[in-house]
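Number of protein chains: 4
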Amino acid sequence: MIDIQKQPDFRNIPIDQVGIKNLKYPVRVLDRSNGTQHTVASINMYVDLPHHSKGTHMSRFVELLHSYRNDLELSLPTLSKILDEMKEILGAQSSHVEISFPYFIEKQAPESGSRGLVDYACRFLGTSDENDQIDLISEVIVPITSLCPCSKEISLHGAHNQRGEVKLATRFRKFNWIEDMIELVEGAASCEIYSVLKRVDEKYVTERAYENPKFVEDIVRDIATALNEDDNITWFELSAENFESIHNHSAYAYITSDKMS
Amino acid sequence: MIDIQKQPDFRNIPIDQVGIKNLKYPVRVLDRSNGTQHTVASINMYVDLPHHSKGTHMSRFVELLHSYRNDLELSLPTLSKILDEMKEILGAQSSHVEISFPYFIEKQAPESGSRGLVDYACRFLGTSDENDQIDLISEVIVPITSLCPCSKEISLHGAHNQRGEVKLATRFRKFNWIEDMIELVEGAASCEIYSVLKRVDEKYVTERAYENPKFVEDIVRDIATALNEDDNITWFELSAENFESIHNHSAYAYITSDKMS
Amino acid sequence: MIDIQKQPDFRNIPIDQVGIKNLKYPVRVLDRSNGTQHTVASINMYVDLPHHSKGTHMSRFVELLHSYRNDLELSLPTLSKILDEMKEILGAQSSHVEISFPYFIEKQAPESGSRGLVDYACRFLGTSDENDQIDLISEVIVPITSLCPCSKEISLHGAHNQRGEVKLATRFRKFNWIEDMIELVEGAASCEIYSVLKRVDEKYVTERAYENPKFVEDIVRDIATALNEDDNITWFELSAENFESIHNHSAYAYITSDKMS
Amino acid sequence: MIDIQKQPDFRNIPIDQVGIKNLKYPVRVLDRSNGTQHTVASINMYVDLPHHSKGTHMSRFVELLHSYRNDLELSLPTLSKILDEMKEILGAQSSHVEISFPYFIEKQAPESGSRGLVDYACRFLGTSDENDQIDLISEVIVPITSLCPCSKEISLHGAHNQRGEVKLATRFRKFNWIEDMIELVEGAASCEIYSVLKRVDEKYVTERAYENPKFVEDIVRDIATALNEDDNITWFELSAENFESIHNHSAYAYITSDKMS
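In the order they appear, the protein sequences are chains A, B, C and D. All letters in the first sequence, in the order written, are residues 6 to 266 by this note's numbering. All letters in the second sequence, in the order written, are residues 6 to 266 by this note's numbering. All letters in the third sequence, in the order written, are residues 6 to 266 by this note's numbering. All letters in the fourth sequence, in the order written, are residues 6 to 266 by this note's numbering.
Keep in mind the hints are simulated off the structure, nothing from the lab. Don't take every hint at face value.
To be verified - Quick list of the computed label-pair ranges, beta carbon to beta carbon:
1. C:Ser80 x B:Thr230: 37 to 45 Å
2. B:Ser266 x C:Ile7: 37 to 45 Å
3. C:Asn75 x A:Asn136: 42 to 50 Å
4. B:Lys179 x C:Gly192: 44 to 52 Å
5. B:Ser266 x C:Ser72: 35 to 43 Å
Stated by the list, open to error - Chain A side only, calculated, beta carbon under 10 Å to chain D, not exhaustive:
6. Ile7
7. Gln10
8. Pro13
9. Ile159
10. Asp223
11. Asp227
12. Ala256
For each residue, glycine too, the CB sits at the ideal point set by N, CA and C.
Just need the whole structure built from these sequences, with the hints factored in.
Shown next as structure tokens:
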């Protein structure tokens, strides 16, 4: 049977990335407290295509993934191995994966100690270049409470507050727990969020947020300060978005920094 | 050229709704302040299909819509006419349209008077039955501020608040302005939301929300009370959802009532 | 500490549903081939609120869920138990849960036998009424290939085809496997879809779809015919939506039937 | 009244972008056939914030936008003026806007000449840097039909095809019509899509796609070839995504090129 993809191409245009996008797959993720946890990912897998090849072989990406069936663990060694295998089975110079998944952390309410799971949207981006150098980016999206310093200052009582989201992507020297990045972000919010809050806890988080007002500007600056002091982090990209309780649009702040440059 | 859709069908199964879904189209909507306003809709159009027909003629829905090009006004007379024409051109007993669109209202900030546009997600649902009776439902989704009564009561200072959304669908006797339904909902919130708020306004909305705490339960009850007292409303379906600032999930309350039954 | 929610309410308006919405949670689902499988759900949990109570206690929903931590299995006995417990801990007359999750089935390519996982969006809806009667609805969204009979008939060669989605919700007498409903739907498509297809398989599915053209009308009728003949099914709601390859909108058909009425 | 945002900041961290996100607003866009057209946009507006300032003044972004009320035309002169004004009213060194909107083009069916509107998701990104240099990127997302060359070649009859989306972002020397970029993309597809297709047209598009098979790789290469030959284009970023009719995931290809480097 003829292999159309394998035919030569004469347009003389290499393609930066070609592959499959938005494949859903169950995965296991390293969990600081419990070893690993089961979750479900959306996966993109791309390789480069040299100018002389007509097409890539899309089915091989899914076959490769399925060779890990029942054991697809999103650890650094496994991701590196997958990036290498992608290049090998597709005859490519570079390979790239993007894996998005919800991650769950059991948190205890601050006063009652009641337990519940909070979900965080996470993403790993991995690239293997033509020199087999692996580049890995780890990203977390952390829901937070923010309370407006201006509103607090100018009002007789109360202050508008809201759910916000901080997105933090990092490059790092050695292994970096998802949990560590989440805790760093939560420490810079007016208050962290929880799944279960009894009344004693609701009193605590309400007062904690009120005593700790933060603009989106403050949140990204406090996180950037902590990242600048952390030698393990070599690069970061960071945004805070508040789903304003007094508007139907968001407040937004963004910082990126390459600490190696 | 053969017309496959027109062929007989022998499975003896009538189809409740068949047609096109998610067609984007520019429209004009009646505007209480300005006559009409331009916006963009997502449109579903369905008819019934009797058991003996193999298929409907999908292109006729879009042709019908396009016969209004440059003049598709979402008024009751036009919607009724479209529902009638759908039945006629498709030989159907019943017809149904669903039209979703953002709607803009210019609001003045409560103290400074600064002006800005707030967007509201709206939807019209129209049905013409086998007796040519028209049934129309008008729906608005209204962003609001809600402030938690429990959090206020138990905390030394402050109270958690957040953006919420109220979805209100109504049937009515005579014409019902989108603006009227939106104002009814906004009056039941801890505070309404705005696009432009200067500092004097931010002080106002912060204090107003703090003095006016509401659970989702309170919001739907206050709206239901107003709807029960309004003779023009014959049926409603109503929900309030808070995007809790202290959780990563929502608080939710729902009431429906057929006042004619 | 005062319990605001517990206070009396004098508006005389009962609330149909009140609770939490869009809580993400890891769950296990019964799996016909493997016993159970791990996945991640989005969960809504509501109870009714009598007219004389001011508010429900939102944290109890999450506590109840978390009492199943590490063992939240979406089986009929567990769902029934959760519905009962919701009524008990919240002093409610009725309770309702909605649980949405991706579900994975390993499929073999039709010729090569290559294996891959296909994901299906599923949902369970459970209600316990004031007489402790449990009502359960099981829903699957099945991606399919559809090929247009009209396009095939009138064209010299080829026929437009596309990805479609069939949504099927059922009530049933005795246990009903997700896999059984998915197979029933896939059997009514022009061809089922796969994750891994080698060239011999791609030839198979291309020819199978071409030899098996179906309108959305045909798909819902063929599924309805099968459901009508299945004594285990007592009610169904069924739609097919084609993401037309020749349009930027969808073709849609919908049938619902209460077989007990 | 105290101005908290205006206070000094001592963390010594400048912020790359701060402002408002996801504000909905009605706009007018230049239309090659009709002068202008009305549509609805989602708008992000950011400025930089120097290290010594605590916060930006979020309300000024919305006030600025509203100063164009009833006349917000997304032309190059207006966008440049808005970028300048953002810097001025916020005391910033750089400013950035992102404006996303659906755009409608009336197309005639290829044989019958029947008319209908097709919607295209478009986006303008504008930046004014510290030297008042304006950088503008224009982006279109174009729905297309793609037909698989491999499937056609190996199958007895038929070939799988599907809706796809091409996203094309360009920088250019002189004005560049949205319509021109869309036509360039549509010319590289297996066939362009339409809103209204009568049977003679459906025959035409079916046969045209069958005679014109394209991988995602072919589509991005053919578009890149045309862009490389167009002296007006100085930079592009280009992807094609097929919503495969035989899979539940997408096929994807991506090329970017800075023609000035």
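Hinted contact Ile159 (chain A) with chain D - closest CB pair below 10 Å: Holds - the Cβ of Ile159 (chain A) comes within 10 Å of chain D, reaching about 6 Å at its closest.
Supplied contact hint for Gln10 (chain A), tested at 10 Å Cβ to chain D: 6 Å, holds
Interface restraint verdict for Asp223 (chain A) against chain D (beta-carbon cut-off 10 Å): Asp223 (chain A) check passes; min Cβ-Cβ to chain D is 8 Å, inside 10 Å.
Hint check, Ile7 (chain A) versus chain D [nearest Cβ-Cβ separation less than 10 Å]: Hint on Ile7 (chain A): holds, closest Cβ of chain D at ~6 Å, below 10 Å.
Ser266 (chain B) paired with Ile7 (chain C), Cβ distance criterion 37 to 45 Å: The hint (37 to 45 Å, Cβ to Cβ) holds, given that Ser266 (chain B) and Ile7 (chain C) are roughly 39 Å apart.
Distance restraint evaluation - Asn75 (chain C), Asn136 (chain A), Cβ atoms, bounds 42 to 50 Å: 44 Å, holds
Closest C-beta approach of Pro13 (chain A) to chain D relative to 10 Å, hint status: 13 Å, violated
Interface hint status, Ala256 (chain A) versus chain D (Cβ within 10 Å): Holds: closest Cβ of chain D sits about 6 Å from Ala256 (chain A), inside 10 Å.
Beta-carbon spacing of Lys179 (chain B) to Gly192 (chain C) - inside the hinted bounds 44 to 52 Å or not: Taking Cβ atoms as reference, Lys179 (chain B) and Gly192 (chain C) lie about 50 Å apart, which means the hint holds.
Ser72 (chain C) and Ser266 (chain B) - C-beta distance against the hinted 35 to 43 Å: At roughly 39 Å between Cβ atoms, Ser72 (chain C) and Ser266 (chain B) fall inside 35 to 43 Å, so the hint holds.
Minimum beta-carbon distance criterion (10 Å), Asp227 (chain A) to chain D: 8 Å, holds
Thr230 (chain B) and Ser80 (chain C) - C-beta distance against the hinted 37 to 45 Å: Because 42 Å falls inside the window, the suggested range holds.
Checked against the numbered hints above, the structure breaks only hint 8 and satisfies the rest.
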